[in-house]
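Fit chain B to the given chain A structure using the hints.
There are 2 protein chains.
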Amino acid sequence: MSEVVRPVGGPMRELLRVAPGPVDLEAIDPRSTPGLPVAAGYGPARKDWARTQVELMGAELGRQQEMLYAAAQGAAGPGSATSAPAQADAGLGGDRPRRVLLVLQAMDCGGKDGTVKRVAGAMNPLGLHIRSFGPPTEEELRHDFLWRVRRALPPPGYVGVFNRSHYEDVLIARVEGLVDEATWRSRYAVINDFERELAEQAVTVVKVMLHISHAEQGERLMERLTDPTKFWKYNPSDLDTRARWGAYQAAYAEALERCGTDAAPWFVVPADRKWYRDWAVAHLLRETFDGLHLGYPPADFDVERERDRLRSQRRP
Amino acid sequence: MSEVVRPVGGPMRELLRVAPGPVDLEAIDPRSTPGLPVAAGYGPARKDWARTQVELMGAELGRQQEMLYAAAQGAAGPGSATSAPAQADAGLGGDRPRRVLLVLQAMDCGGKDGTVKRVAGAMNPLGLHIRSFGPPTEEELRHDFLWRVRRALPPPGYVGVFNRSHYEDVLIARVEGLVDEATWRSRYAVINDFERELAEQAVTVVKVMLHISHAEQGERLMERLTDPTKFWKYNPSDLDTRARWGAYQAAYAEALERCGTDAAPWFVVPADRKWYRDWAVAHLLRETFDGLHLGYPPADFDVERERDRLRSQRRP
Numbered sequence: 001m002s003e004v005v006r007p008v009g010g011p012m013r014e015l016l017r018v019a020p021g022p023v024d025l026e027a028i029d030p031r032s033t034p035g036l037p038v039a040a041g042y043g044p045a046r047k048d049w050a051r052t053q054v055e056l057m058g059a060e061l062g063r064q065q066e067m068l069y070a071a072a073q074g075a076a077g078p079g080s081a082t083s084a085p086a087q088a089d090a091g092l093g094g095d096r097p098r099r100v101l102l103v104l105q106a107m108d109c110g111g112k113d114g115t116v117k118r119v120a121g122a123m124n125p126l127g128l129h130i131r132s133f134g135p136p137t138e139e140e141l142r143h144d145f146l147w148r149v150r151r152a153l154p155p156p157g158y159v160g161v162f163n164r165s166h167y168e169d170v171l172i173a174r175v176e177g178l179v180d181e182a183t184w185r186s187r188y189a190v191i192n193d194f195e196r197e198l199a200e201q202a203v204t205v206v207k208v209m210l211h212i213s214h215a216e217q218g219e220r221l222m223e224r225l226t227d228p229t230k231f232w233k234y235n236p237s238d239l240d241t242r243a244r245w246g247a248y249q250a251a252y253a254e255a256l257e258r259c260g261t262d263a264a265p266w267f268v269v270p271a272d273r274k275w276y277r278d279w280a281v282a283h284l285l286r287e288t289f290d291g292l293h294l295g296y297p298p299a300d301f302d303v304e305r306e307r308d309r310l311r312s313q314r315r316p
Numbered sequence: 001m002s003e004v005v006r007p008v009g010g011p012m013r014e015l016l017r018v019a020p021g022p023v024d025l026e027a028i029d030p031r032s033t034p035g036l037p038v039a040a041g042y043g044p045a046r047k048d049w050a051r052t053q054v055e056l057m058g059a060e061l062g063r064q065q066e067m068l069y070a071a072a073q074g075a076a077g078p079g080s081a082t083s084a085p086a087q088a089d090a091g092l093g094g095d096r097p098r099r100v101l102l103v104l105q106a107m108d109c110g111g112k113d114g115t116v117k118r119v120a121g122a123m124n125p126l127g128l129h130i131r132s133f134g135p136p137t138e139e140e141l142r143h144d145f146l147w148r149v150r151r152a153l154p155p156p157g158y159v160g161v162f163n164r165s166h167y168e169d170v171l172i173a174r175v176e177g178l179v180d181e182a183t184w185r186s187r188y189a190v191i192n193d194f195e196r197e198l199a200e201q202a203v204t205v206v207k208v209m210l211h212i213s214h215a216e217q218g219e220r221l222m223e224r225l226t227d228p229t230k231f232w233k234y235n236p237s238d239l240d241t242r243a244r245w246g247a248y249q250a251a252y253a254e255a256l257e258r259c260g261t262d263a264a265p266w267f268v269v270p271a272d273r274k275w276y277r278d279w280a281v282a283h284l285l286r287e288t289f290d291g292l293h294l295g296y297p298p299a300d301f302d303v304e305r306e307r308d309r310l311r312s313q314r315r316p
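These protein sequences, in sequence, are chains A and B. Each residue of the first sequence is one higher than the one before, starting from 1 at the first, in full-length UniProt numbering. Each residue of the second sequence is one higher than the one before, starting from 1 at the first, in full-length UniProt numbering.
For reference, chain A alone in the conformation it holds in the complex (with noise of 0.2 Å):
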């Protein structure tokens, strides 16, 4: 095997978007394979199958990463696009280089580190803007609840994850009773204003939730609770946030409701078997990278008159 095999019964992108209405979480199997087709077997030889398959995407997603980063380097000039990560630019402009922005929402241990080292990990760290969303420092809370997403935007040509996001305002502030319900309530409407700025300024946002179950995630957390070396990865506040997970259900369930534009799509991902997850977040990237219709730029000089230039110089 060494094509890539599309999904069955059409792309990620359909099979695995949130329908616009109510949401049901419930009724979404956390094992379940969307879209996996019969090539991928049976059984345990499926998870060799789909690791495969995201190899074989992963080439084809640095490909496409290389032609978003190469159309930025070509518009702001070659080798001046450098300090990139530091100038993140959300300027408006209908002509500007795209950006890719993935981003991750799920429960503790729903396998989002898992996902941006397998799929992520997969393209080229240089063209990479990961930013990885935790409580609000002090100066953050001194600013609106976008301020800090705005300021981790991926830089044009650039593909960004976000681990966690601008969604923690409308699930952790609602479950734990951080902002009053007057607040988060008004925040959906904020987010999809601010959803629609990215999608007029090129930036492609992507929005997965990995869907995990209780049992899953109960598994998980005994694996923390045992293996020496994921230790580190537990915390004790883990079981109070389990032990309200239905409040945490609900809160998902209506952002994705209210959420779930088509500037910017939600896309719930089952996520209880970690292969299937990676394979299904790599067809989703490939889907939307083809939605983009890339190419390499053009020569912004006359290629004939450089390889003279070039072949006509001695070492000095």
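Honestly, the hints are just simulated from the structure, not real lab data. Treat the hints loosely; a few may be bogus.
Which copy? The list can't say, so a pair holds if one copy fits it or any two copies do.
Said to hold, decoys possible - Below are the EDC-like pairs computed for lysine to aspartate or glutamate, each with C-alpha atoms no more than 16 Å apart in a straight line:
1. K233 / D302
2. K233 / E219
3. K274 / E219
4. K230 / E304
5. K117 / E138
Same frame as chain A, now just chain B:
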């Protein structure tokens, strides 16, 4: 072959380290392969061997990187070490979690980007902090030359990569006459003080010059002028820089001599052969990690008690 084979003749950190005293880059053959063991075979077979070895080292580097990261998470309290790249903190503190910073310098086409892709790409992108330095922005020019460098340091627990660095301030700045001689001459001491300060702050700096030949640069430039998928990497000014090859080599030699310190040694990696370059840099990183004697942090909670809590929790 499934084991990492050690270099022959000593660790790469000894074989490639710039010795004290005047540096003669002409005496280092960019096609040489110091440390390459007999196991690599002969002729083209060596390339495959080296690529496989880099992959094997990638898994090892990934483990080391995770331990580095874990130690920082533990120190900051799990779950709180996010938004980290925005918080690069260069404050003092001997007990602070370590950081590793790989500084890459080279002439155009020297392979900086390729090294990032192949060697850094073998690690988890979540724990990487890659920064590229181009011509300083207006804001950067209003500060001293290290200002933007301090802001680009990796946060504790991260592996940083500088794609170009503060060394451009004694290379480009010198050769292109961007500052007067007294200014660039004064910078060697400033850089040495800065790098000693980094060492005291638990930042382990590995400085690598990728050393290519004038002829190899010519071939790679011609490739960029021939393959339309590489046009974007070319800039006509590259040939102007190439015309000053000798002056740049002299500037490199002096930087290597004046700033090769025990706190932050310089390594020269022969880089005409890309497979050797990646193999050598991977070993330099591996040996650097080994020297840090990293381990996973112990649990900072009562493991038995947490397991009991988890077991007794029912789905709400």
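Evaluated hints:
no.	hint	verdict
1	K233 / D302	between (54 Å within a copy, 14 Å between copies)
2	K233 / E219	within (14 Å within a copy, 48 Å between copies)
3	K274 / E219	within (13 Å within a copy, 44 Å between copies)
4	K230 / E304	between (57 Å within a copy, 15 Å between copies)
5	K117 / E138	neither (30 Å within a copy, 36 Å between copies)
The structure shown violates just one earlier hint, number 5.
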